[in-house]
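A.B. asks: Protein chains in written order, with our numbering: chain F, 1 to 251; chain L, 1 to 218.
Since the hints were made in silico from the structure, they are not lab data. The structure displayed is predicted, hence computed values, not measured ones. Each residue gets a CB set at the ideal place from its N, CA and C atoms; glycine is no exception. Treat the hints with care, as some may be off.
Said to hold, decoys possible - Derived DSSO-like pairs (lysine-lysine); straight-line CA-CA distance at most 30 Å:
1. L/Lys49 x F/Lys124
2. L/Lys131 x L/Lys144
3. L/Lys214 x F/Lys75
4. F/Lys75 x L/Lys144
5. F/Lys71 x L/Lys214
6. L/Lys51 x F/Lys75
7. F/Lys113 x L/Lys49
8. F/Lys115 x L/Lys130
9. F/Lys138 x L/Lys144
10. L/Lys144 x F/Lys16
11. L/Lys22 x F/Lys115
12. F/Lys26 x L/Lys117
13. L/Lys22 x F/Lys113
As the list claims (entries may be wrong) - Just so you have them, the derived chain F footprint on chain L, three or more residues with Cβ under 8 Å:
14. 125-138
15. 192-204
As the list claims (entries may be wrong) - Quick list of simulated restraints, FRET-style, between CB atoms:
16. F/Gly182 x L/Thr203: 31 to 37 Å
17. F/Asp21 x L/Val71: 56 to 62 Å
18. F/Gly182 x L/Phe202: 38 to 44 Å
19. F/Ser145 x L/Leu83: 55 to 61 Å
20. L/Thr203 x F/Thr102: 28 to 34 Å
21. L/Thr67 x F/Thr102: 28 to 34 Å
22. L/Thr203 x F/Glu80: 37 to 43 Å
23. F/Gly134 x L/Lys49: 28 to 34 Å
24. L/Ser59 x F/Ser186: 36 to 42 Å
25. F/Glu80 x L/Gly79: 29 to 35 Å
26. L/Ser54 x F/Gly45: 32 to 38 Å
27. L/Ile37 x F/Thr102: 56 to 62 Å
28. F/Glu80 x L/Thr67: 53 to 59 Å
29. F/Asn94 x L/Ile47: 49 to 55 Å
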Amino acid sequence: MTKTDDKVMIQVKDLKKSFGDNEVLKGIDGTVKSGQVICVIGPSGSGKSTFLRCLNLLENPTSGEVLFDGKDMTKLTHSEIAGLGARMGMVFQNFNLFPNMTVLENLKLSPKKVKHLSDEDATKISLDLLDRVGLKNKADVYPSSLSGGQAQRVAMARALAMNPEVMLFDEPTSALDPEMVGEVLSVMQELANEGMTMVVVTHEMGFAKKVADQVWFMADGYIQEKSDPETMFENPQTERAQDFINKIITD
Amino acid sequence: MKVNVQNTSMLHYWKYFADGLKYTLIISIVGSIIGIILGVLLALMRISKFKPFSWFSISYTEVVRGTPMMVQVLLVYFGLGVLVNIPALTAGIIAVSLNSGAYVSEIIRGGIASVDKGQSEAAKSLGLSKKDAMVSVILPQAFKNIWPALGNEFITIIKESSIVSIIGVTDIVYELNIVRADTYRGVSPIVVAMVMYFVLSFTLTRVLNYFERKMNHD
């Protein structure tokens, strides 16, 4: 975890998001540096996913700034936001693979449509990535025949095919059967070791402990505490975090 | 007393029915194709954020659904006829297409809504433009979901296209009336026409089922 250089990748300033009268994010500040792995933990309904989805503008923030590479993304036009997809990859809880395409086509689609790569180049990149997540033999099957763990690894490969600078993970293992969590986490750990900048919303405390450079604890629409994993899990500084950590350890 | 020496067997009149079949097929096929294109356009206009598009699509659909197709056929033939002289066949095709477009657009709108929101989010997170997401991800899945309903609409077009006989398009029903008048046989030509329509729709159902199975990757 020494590969973190000091280049600021994402900076969030006083980010707020409401759905109707329901204020989900009440003022989030945070900085993600290049190469850092941030794990966001917290009780359900605390706004973790909404926060993550504001980072790549799947949700439009109500107010505040999200600076990516120094540019305020909340002020971008539609087409500029689309261009962001090439630089920020996202992995969803429910994989969201395209069921009408084979695994290989899932991976090739974006590089071809957005980056205008030739079919040959896109295929090569895609097969390399599938190999990396251990699923090269599944290239020509449809997503419906994959197990959850396989589907999520394909989803990661699909996001990586765009060669993103940051990867966002929205509870990537929450929809998986327990025995499949490991295979997904190990791919994520590998990514982290290679120096990928990652923001991970997760309930996998073991993963957060082992891989994160910083753990952000969210509750009630705020980030209550930002600590290194050791402090967060052994000696949380805020009462709210202590509460939460105690609960998950005793449960 | 004169005896009818004419051959009034239906087989003898096969050319009439064949001719009718040709026009029914032309109208149905062309009408379906234009209907789908129109339907996709109307559905996209309907969900567009640009309000006038949405309003137009809603009003169009409501008017077409709320008036009889027979009246629409007459309006296209005689109404357009005031401006330009169009052949009955063209008028028939236009009327059937316009009518079908409205119904298809409602089916497609439902299909687009049936695709999980996560799909367009995934497409967006991968940097795909709205258009690419629609063409490569959303519409293919929407079409798969609405295939049975769409098949229903095609079959309806085959049957309902018979209305165009009133403006003189020589489709199956038009020919059926000619054969009836020619032979003085009241029932047989109707039965022949009925069998023809049934064979057409039944064959189409089989073909559609084949494609449905092919699209099914689950």
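A.B. asks: For each hint, tell me whether it holds in the structure or not.
C.D. replies: For each hint, the structure was consulted:
no. : hint                            : verdict
1   : L/Lys49 x F/Lys124              : violated, 39 Å
2   : L/Lys131 x L/Lys144             : holds, 19 Å
3   : L/Lys214 x F/Lys75              : violated, 45 Å
4   : F/Lys75 x L/Lys144              : violated, 37 Å
5   : F/Lys71 x L/Lys214              : violated, 47 Å
6   : L/Lys51 x F/Lys75               : holds, 23 Å
7   : F/Lys113 x L/Lys49              : holds, 24 Å
8   : F/Lys115 x L/Lys130             : holds, 15 Å
9   : F/Lys138 x L/Lys144             : holds, 23 Å
10  : L/Lys144 x F/Lys16              : violated, 39 Å
11  : L/Lys22 x F/Lys115              : violated, 48 Å
12  : F/Lys26 x L/Lys117              : holds, 26 Å
13  : L/Lys22 x F/Lys113              : violated, 42 Å
14  : 125-138                         : holds (count 9)
15  : 192-204                         : violated (count 0)
16  : F/Gly182 x L/Thr203: 31 to 37 Å : violated, 53 Å
17  : F/Asp21 x L/Val71: 56 to 62 Å   : violated, 49 Å
18  : F/Gly182 x L/Phe202: 38 to 44 Å : violated, 53 Å
19  : F/Ser145 x L/Leu83: 55 to 61 Å  : holds, 57 Å
20  : L/Thr203 x F/Thr102: 28 to 34 Å : holds, 31 Å
21  : L/Thr67 x F/Thr102: 28 to 34 Å  : violated, 45 Å
22  : L/Thr203 x F/Glu80: 37 to 43 Å  : violated, 51 Å
23  : F/Gly134 x L/Lys49: 28 to 34 Å  : violated, 42 Å
24  : L/Ser59 x F/Ser186: 36 to 42 Å  : violated, 57 Å
25  : F/Glu80 x L/Gly79: 29 to 35 Å   : violated, 47 Å
26  : L/Ser54 x F/Gly45: 32 to 38 Å   : holds, 34 Å
27  : L/Ile37 x F/Thr102: 56 to 62 Å  : violated, 28 Å
28  : F/Glu80 x L/Thr67: 53 to 59 Å   : violated, 45 Å
29  : F/Asn94 x L/Ile47: 49 to 55 Å   : violated, 23 Å
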